[in-house]
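Each chain, letter by letter, is given below.
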Amino acid sequence: LAKTTQPISMDSYEGQEVNITCSHNNIATNDYITWYQQFPSQGPRFIIQGYKTKVTNEVASLFIPADRKSSTLSLPRVSLSDTAVYYCLVGDRRGNEKLTFGTGTRLTIIP
Amino acid sequence: EPEVTQTPSHQVTQMGQEVILRCVPISNHLYFYWYRQILGQKVEFLVSFYNNEISEKSEIFDDQFSVERPDGSNFTLKIRSTKLEDSAMYFCASQAGGGGQFFGPGTRLTVL
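So the sequences go chain by chain: A and B. For the first sequence, this note's numbering gives the first residue as 1, with consecutive numbering after it. For the second sequence, this note's numbering gives the first residue as 1, with consecutive numbering after it.
Because the hints were derived from the structure by calculation, they are not lab data. Any given hint could turn out to be false.
Unchecked claim - Anything over 10 Å on all C-beta distances counts as not near chain B; from chain A, calculated:
(1) MET10
(2) GLU17
(3) TYR36
(4) SER41
(5) PRO44
(6) LYS54
(7) ALA60
(8) GLY95
(9) ASN96
(10) GLU97
Stated by the list, open to error - Within a straight-line C-alpha distance of at most 25 Å, the following computed DMTMM-like cross-link-like pairs (lysine to aspartate or glutamate) qualify:
(11) A:LYS98 - B:GLU85
(12) A:LYS52 - B:GLU56
(13) B:LYS42 - B:ASP71
(14) B:LYS78 - B:GLU53
(15) B:LYS57 - B:GLU1
(16) A:LYS54 - B:GLU59
(17) B:LYS57 - A:ASP92
(18) A:LYS52 - B:GLU68
(19) B:LYS42 - B:ASP63
(20) A:LYS69 - A:ASP92
(21) B:LYS42 - A:ASP11
(22) A:LYS69 - A:ASP31
(23) A:LYS69 - B:GLU59
As the list claims (entries may be wrong) - Sample of chain A residues with no beta-carbon within 12 Å of chain B, all distances over it, derived:
(24) GLN38
(25) GLN42
(26) GLY43
The model shown is predicted, which means the values in this text are computed figures rather than measured ones. Cβ atoms here follow ideal geometry from the backbone N, Cα and C, with glycine treated the same way.
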């Protein structure tokens with residue numbers, strides 16, 4: 001299972017773009033990169049998943065360089081409601097794969 | 001948008017009692033999971049379930065724990081004899097195949 005490293009915490013002001021980078025040097029060929037968001041006392045929420053290059057959805061963008069040893073979650077124009085813990089996970093995207101959560105990045109949005 | 005639901009939202013029980021936590025996964029999903037999160041700690045995997053049997057379980061998932069999918073919609077986690085250290089948020093998740101796992105809102109279990 002590829003280990004991931006991400007900042008423990010980040011602060012940003014409302015309206016800014018926030019980029020959270022995750023390192024995964026030992027990513028395997030079959031591994032995908034998935035980001036989850038968790039608010040206090042709630043379950044993790046799937047944000048985005050990608051394999052290479054760039055993926056964008058209505059919530060975020062995920063940038064993955066060619067070597068795939070890192071990835072960057074980009075949140076455009078954050079608001080106070082984006083204050084949460086963000087987890088980067090790496091693994092096979094087939095079903096039946098347990099998720100191993102780290103401590104994540106605690107993002108605090110400042111008014 | 002379909003979502004995973006869990007009941008109850010909060011369960012208080014006495015040590016040694018049995019509890020059943022209930023989940024209704026998203027209807028066309030095939031893979032089901034239970035995780036837990038002790039206050040202030042990481043989300044921990046408990047068990048995965050596919051095709052009516054356990055696929056994988058963690059060290060936490062000992063003989064006191066069991067899971068069941070009694071009908072086509074519910075997915076339950078039973079703790080036979082609760083301990084103080086079982087107090088945590090318990091999250092159910094379901095997954096279609098590839099892609100992400102979708103989590104429920106959780107059940108807060110408090111063991112007194």
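Hint by hint, here is what the structure shows:
1. Under the 10 Å C-beta cut-off, the non-interface status given to A:MET10 relative to chain B holds; the minimum distance is some 18 Å.
2. In this structure A:GLU17 is separated from chain B by more than 10 Å, as the shortest Cβ-Cβ distance comes to about 23 Å.
3. The Cβ of A:TYR36 does not lie farther than 10 Å from every Cβ of chain B; its closest approach is about 7 Å, which violates its non-interface assignment.
4. Non-interface status of A:SER41 relative to chain B is broken: a Cβ of that chain comes within 10 Å, the nearest being about 7 Å off.
5. Taking the minimum C-beta to C-beta distance to chain B, about 5 Å, the non-interface status of A:PRO44 is violated against the 10 Å cut.
6. At the 10 Å boundary, the C-beta of A:LYS54 stays outside the reach of chain B, the nearest C-beta of that chain being 18 Å off.
7. Its beta-carbon lying about 13 Å from the closest one in chain B, A:ALA60 satisfies the requirement of being farther than 10 Å from that chain.
8. The beta carbon of A:GLY95 is not kept farther than 10 Å from every beta carbon of chain B, the shortest such distance being approximately 4 Å.
9. Not every CB of chain B lies more than 10 Å from the CB of A:ASN96, the least distance being 5 Å, so the non-interface label is violated.
10. Once the 10 Å rule is applied to beta carbons, A:GLU97 is inconsistent with being away from chain B; the minimum gap is 8 Å.
11. About 22 Å separates the Cα atoms of A:LYS98 and B:GLU85, which keeps this hinted pair within 25 Å; it holds.
12. At roughly 29 Å between alpha-carbon atoms, A:LYS52 and B:GLU56 are farther apart than 25 Å, so this suggested pair is violated.
13. Between B:LYS42 and B:ASP71, the direct Cα distance comes to roughly 31 Å. Violation of the 25 Å bound is thereby established for this hinted pair.
14. For a cut-off of 25 Å, the pair hint linking B:LYS78 to B:GLU53 stands: about 15 Å separates their Cα positions.
15. Between B:LYS57 and B:GLU1, the direct Cα distance comes to roughly 30 Å. Violation of the 25 Å bound is thereby established for this hinted pair.
16. For a cut-off of 25 Å, the pair hint linking A:LYS54 to B:GLU59 is broken: about 37 Å separates their Cα positions.
17. Only pairs whose Cα atoms come within 25 Å are accepted, and B:LYS57 paired with A:ASP92 is accepted, the gap being roughly 17 Å.
18. For the proposed pair A:LYS52 and B:GLU68, the alpha carbon gap of about 37 Å is over 25 Å, so the pair is violated.
19. With a C-alpha separation of about 23 Å, the suggested pairing of B:LYS42 with B:ASP63 holds against the 25 Å cut-off.
20. Proposed proximity of A:LYS69 and A:ASP92 is supported: the alpha carbons are some 15 Å apart, at most 25 Å.
21. Among the hinted pairs, B:LYS42 with A:ASP11 is consistent with the structure: their alpha-carbon atoms are about 21 Å apart, no more than 25 Å.
22. For a cut-off of 25 Å, the pair hint linking A:LYS69 to A:ASP31 stands: about 11 Å separates their Cα positions.
23. A hinted pair counts as satisfied when its Cα atoms are at most 25 Å apart, and A:LYS69 with B:GLU59 does not qualify at roughly 30 Å.
24. With a cut of 12 Å on Cβ distances, A:GLN38 falls inside the contact zone with chain B, its closest approach being about 8 Å.
25. Against chain B, the non-interface label of A:GLN42 is violated: not every CB pair exceeds 12 Å, the least being about 6 Å.
26. The Cβ of A:GLY43 does not lie farther than 12 Å from every Cβ of chain B; its closest approach is about 3 Å, which violates its non-interface assignment.
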